[in-house]
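Based on the hints, put chain B in the right spot on chain A.
Protein chains: 2
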Amino acid sequence: MNSNMHAVDLLIERIIEKKSPIVVGLDPILDHIPSFIKRKHFQGNLGFHSVFEVITEFNEIVISKLKDIIPAVKPQIAYYEKYGSEGIKAFEQTIKLAKKAGLTVIEDGKRNDIGSTAQAYADGYLGEVNIEGKLYKSFDVDFLTVSPYLGSDSIDPFVTTCEKHGKGIFVLVKTSNPSSSDFQDLVLSNGKKLYYHVADYINRVGERTIGKYGYSLTGAVIGATYPGEAAEMRKYLPHSFFLVPGFGAQGGTVLSVTNCFGENGLGAIINSSRGILYGYMDSHSSDLDSATYRSLFYNSAEDMRNSIVCELKSRFQGNLLY
Amino acid sequence: MNSNMHAVDLLIERIIEKKSPIVVGLDPILDHIPSFIKRKHFQGNLGFHSVFEVITEFNEIVISKLKDIIPAVKPQIAYYEKYGSEGIKAFEQTIKLAKKAGLTVIEDGKRNDIGSTAQAYADGYLGEVNIEGKLYKSFDVDFLTVSPYLGSDSIDPFVTTCEKHGKGIFVLVKTSNPSSSDFQDLVLSNGKKLYYHVADYINRVGERTIGKYGYSLTGAVIGATYPGEAAEMRKYLPHSFFLVPGFGAQGGTVLSVTNCFGENGLGAIINSSRGILYGYMDSHSSDLDSATYRSLFYNSAEDMRNSIVCELKSRFQGNLLY
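First to last, the sequence lines map onto chains A and B. Per our numbering, numbering through the first sequence is continuous, rising by one, with the last residue being 322. Per our numbering, numbering through the second sequence is continuous, rising by one, with the last residue being 322.
Chain A on its own, in the form it takes in the complex:
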């Protein structure tokens, strides 16, 4: 491993320091972004470059307001790619802003491909790219989500790149969406469900990169909407940190997500995207002013953090590390 710190160790230290096992999903949805931001950039200037400006300012507002109460952000790259190279410029800018604010960046890209192509993704997001013998960092996120359908030779390049650069991945195991049962839950002839086979792979490769808190650089995505499966996976994958989507809007509750944690309150980070950034829409029009918007999403994030920590304290009592 080079000079980069073990990404999971660093994430854990930020979780402990901020007493906050939550991550805010940075999903810039134009229709939901408050008008005070859009007005400024769209006035007489519609088009992709103005979208870049809107997204960048929106994320800057969110990051600067929340940086002391969250350890990480999770930009979902689909919402940036949607706007072509200008969208990707906003994604690059967002990564820089988040890292400068001391936050861990978890890219939700669900990338995957066969060997050499997987290596290209790994180089661009987690490693280095070689231009005529000179090495450059391209996106340089801390974590990337990875899809497993193509098999081990499509995940290995991510694993080895993480090992070299101290970065991490979260492999999709049991996802939060209703149709996750379509394929993930199929029962195999040996009686095991498919997602257990993916978990077996994670256990196998994770052994090589276990950090000081007992968690490897190969994590798992485990949906908050399946608390029973989450509890099973917590035991089955003792060395994997979990990225947990599905809290709030999708149906995951404070009680259900505690199944993703170990006794010391580590082992998982719970994501919320819309609940925090666009929850304002339940009570306000998109014409609300900047200060009101900031306090609304700040309060949502703080509420989420506090209610999860409170539940963890009540469940694990003195064992909690924060």
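Watch out, some of these pointers could steer you wrong.
If chains are identical, the list can't say which one is meant, so a pair holds when it fits in one copy or spans any two.
To be verified - SDA-like mimics (lysine to any residue), calculated; alpha carbons at most 20 Å apart, straight line:
hint : residue 1 : residue 2
1    : Lys40     : Lys134
2    : Lys40     : Gly133
3    : Lys96     : His49
4    : Lys193    : Ser179
5    : Lys137    : Asn319
6    : Lys100    : His197
7    : Lys134    : His49
8    : Lys137    : Gly102
9    : Lys40     : Glu263
10   : Lys193    : Ser152
11   : Lys40     : Glu132
12   : Lys193    : Ser181
13   : Lys192    : Ser181
14   : Lys134    : His32
Derived from the structure by calculation, the hints contain no laboratory data.
This is chain B only, laid out in the frame that chain A set:
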């Protein structure tokens, strides 16, 4: 469907017109791109913007030389994303060049995510994006490859967007890589392999978009390296067009890929990336001149086309549509 033509019908017409069921993978690998292109842009100007220039010129050379003997190109987006927003600019430019040259663009992105996020990918690549009520095309490719692990609610948004805009997807079913057996071949308790379940989904949704040649907008990725499975899938998925990777370097042969076609010579398009663009490295240094390089890759593409068509003719005789 709007004014866009059914993407599979259009692809088939181009295949028939050019007597060419092959697609060239545009995977710009800097180390393999001939020096005469790199010298021009990198001299004193290393960095991401120069990479944009190199990739764009490289693809322009390939597209302009091959456009009369191939119906389609398949840019693998990993090799562009690798270089951040400048790489994506090169991807955008490549799509424009290919479409201007009358080629079908198959984006190999293997995208997938849950409902609303899948919709964001679908809008950006295959549909339209809405900026303050005005609709824009972002990448506007003809086809996108899609990964299925998350289940039906993660593929449906792509299917409905294709239906609306006449675009197509190729869902990963049985891929060409050695580890494709890790998960795809797992035998379920009902005795069927996992990839058959993915095929069942494709059959179900494909019914809605069958075009005039009998093929739907929901295609399948079937690796050239598994000819037995390909023959089974050809029967099992009668209305799905196949995108077939794995020819050449990965081990797929002329004989094996004919299993992917129906009797009229339709039903599949065979991809080659490195064999065509970087085959020159077997016999030449990267210092070869422009004219030599052009004729080498042109000959490779022509050879591939001719040998596949010859084999199809010998197999299906008078039934071939071209």
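Determine which of the earlier numbered hints do not hold for this structure and return their numbers in increasing order. Violated hints: 5, 6, 9; rest satisfied.
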